[in-house]
Amino acid sequence: AQKITQTQPGMFVQEKEAVTLDCTYDTSDPSYGLFWYKQPSSGEMIFLIYQGSYDQQNATEGRYSLNFQKARKSANLVISASQLGDSAMYFCAMRVPSGGYNKLIFGAGTRLAVHP
Amino acid sequence: DSGVTQTPKHLITATGQRVTLRCSPRSGDLSVYWYQQSLDQGLQFLIQYYNGEERAKGNILERFSAQQFPDLHSELNLSSLELGDSALYFCASSPREGLAGEQLYNEQFFGPGTRLTVL
Chain A
1 AQKITQTQPG MFVQEKEAVT LDCTYDTSDP SYGLFWYKQP SSGEMIFLIY QGSYDQQNAT
61 EGRYSLNFQK ARKSANLVIS ASQLGDSAMY FCAMRVPSGG YNKLIFGAGT RLAVHP
Chain B
1 DSGVTQTPKH LITATGQRVT LRCSPRSGDL SVYWYQQSLD QGLQFLIQYY NGEERAKGNI
61 LERFSAQQFP DLHSELNLSS LELGDSALYF CASSPREGLA GEQLYNEQFF GPGTRLTVL
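So the protein sequences, as listed, match chains A and B.
For what it's worth, our numbering labels the leading residue of the first sequence as 1, then goes sequentially.
For what it's worth, our numbering labels the leading residue of the second sequence as 1, then goes sequentially.
If you're looking for bench data, these hints aren't it; they were derived computationally from the structure.
Virtual Cβ for every residue (Gly too), placed ideally from N, Cα, C.
Do not rely on the hints blindly, as some may be mistaken.
Claimed, not checked - Taking lysine-lysine and the DSSO-like style, the derived pairs with C-alpha atoms no more than 30 Å apart in a straight line are:
1) 57/B <-> 73/A
2) 73/A <-> 103/A
3) 70/A <-> 3/A
4) 70/A <-> 57/B
5) 57/B <-> 3/A
6) 9/B <-> 103/A
7) 3/A <-> 73/A
8) 73/A <-> 16/A
9) 103/A <-> 57/B
10) 70/A <-> 16/A
11) 9/B <-> 57/B
12) 70/A <-> 103/A
13) 103/A <-> 16/A
What the hints assert, rightly or not - A few chain B positions that, by computed beta-carbon distances, are all more than 10 Å from chain A:
14) 58
15) 67
16) 70
17) 86
18) 108
19) 119
Using the sequences plus the hints, can you model the full thing?
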């Protein structure tokens with residue numbers, strides 16, 4: 001079954017420190033995409049970073065990097081130098097083919113709190 | 001700002017009622033996706049339209065329906081509302097049809113959401 005698992009309901013980090021948010025996935029399809037989204041308290045979904053299943057290198061976008069370990073089926077998000085504005089819900093998602101079309105499935109999310 | 005607009009931002013209604021949520025995609029995007037985010041079910045894909053036609057279907061209840069109009073805006077209709085329908089409803093737009101086998105990359109841009117409260 002296609003599934004995304006985020007095992008950390010909540011995480012705390014000190015400002016300026018790095019934090020890793022865990023994500024594991026399950027799919028038998030060789031072609032898939034992995035995404036991380038940020039949802040602040042205002043509710044909007046903000047795209048952070050994308051990793052394709054065939055990408056050889058880990059994706060990076062500014063302070064965000066994705067630690068992609070294909071054999072372990074994990075796609076952890078690393079936020080370096082945390083800022084107070086990073087406090088939000090973070091969702092890992094996977095885009096996989098389903099019924100002829102690509103489908104986006106989400107994990108349950110991790111709430112990150114950044115402390116000064 | 002993703003360029004996707006959703007109206008209304010908030011909606012409060014009573015059980016048994018019917019509501020319509022509206023989404024305008026980014027200029028040039030042909031696909032519209034609808035998602036529901038509820039406390040108990042998390043974020044779930046509901047349905048996708050591409051250039052006016054239904055494409056993919058997810059966990060959408062029979063009480064819910066959607067359509068995409070010639071100007072590419074989309075509406076999600078929710079009827080016989082129940083307390084459990086209270087949720088944040090997102091639409092996302094994409095320039096692509098989303099066919100399986102298409103090269104996958106980030107192509108869905110989310111709107112700000114409509115928060116529906118059923119009392």
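Each hint tested on the structure:
With a C-alpha separation of about 26 Å, the suggested pair residue 57/B and residue 73/A falls inside the 30 Å cut-off, and the hint holds. Taken as a hint, the residue 73/A and residue 103/A pair is honoured in the structure, with Cα atoms around 18 Å apart against an allowance of 30 Å. Taking the CA atoms of residue 70/A and residue 3/A, the gap is about 15 Å. The hint holds against a cut of 30 Å. The suggested pairing of residue 70/A with residue 57/B holds, with an alpha-carbon distance near 28 Å, which does not exceed 30 Å.
Distance hint between residue 57/B and residue 3/A is fulfilled; the C-alpha atoms sit about 17 Å from each other, no more than 30 Å. Simply put, residue 9/B and residue 103/A have alpha-carbon atoms about 25 Å apart, close enough for the 30 Å limit, and the pair holds. Taken as a hint, the residue 3/A and residue 73/A pair is honoured in the structure, with Cα atoms around 11 Å apart against an allowance of 30 Å. For the hint linking residue 73/A to residue 16/A, the alpha-carbon distance of about 29 Å falls within 30 Å, and the restraint holds.
In summary, the hint linking residue 103/A to residue 57/B is supported, as the alpha carbons are separated by about 9 Å, within the 30 Å threshold. Distance restraint check for residue 70/A and residue 16/A: the Cα-Cα separation of roughly 29 Å lies within the 30 Å cut-off, and the hinted pair is therefore satisfied. At roughly 24 Å between alpha-carbon atoms, residue 9/B and residue 57/B fall within 30 Å of each other, so this suggested pair holds. With a CA separation close to 20 Å, the supplied pair residue 70/A and residue 103/A stays within the 30 Å bound.
Between residue 103/A and residue 16/A the alpha-carbon distance is near 36 Å, which puts this suggested pair outside the 30 Å criterion. Under the 10 Å C-beta cut-off, the non-interface status given to residue 58/B relative to chain A is violated; the minimum distance is some 7 Å. Here residue 67/B stays apart from chain A, with its beta-carbon at least about 18 Å from theirs, past the 10 Å limit. Taking the minimum C-beta to C-beta distance to chain A, about 22 Å, the non-interface status of residue 70/B holds against the 10 Å cut.
Separation of residue 86/B from chain A is adequate, the least Cβ-Cβ distance of about 14 Å exceeding the 10 Å criterion. The claim that residue 108/B lies off the interface is violated: its Cβ sits roughly 7 Å from the closest Cβ of chain A, which falls inside the 10 Å cut-off. At roughly 20 Å, the least C-beta separation between residue 119/B and chain A is larger than 10 Å, which holds for a residue marked as non-interface.
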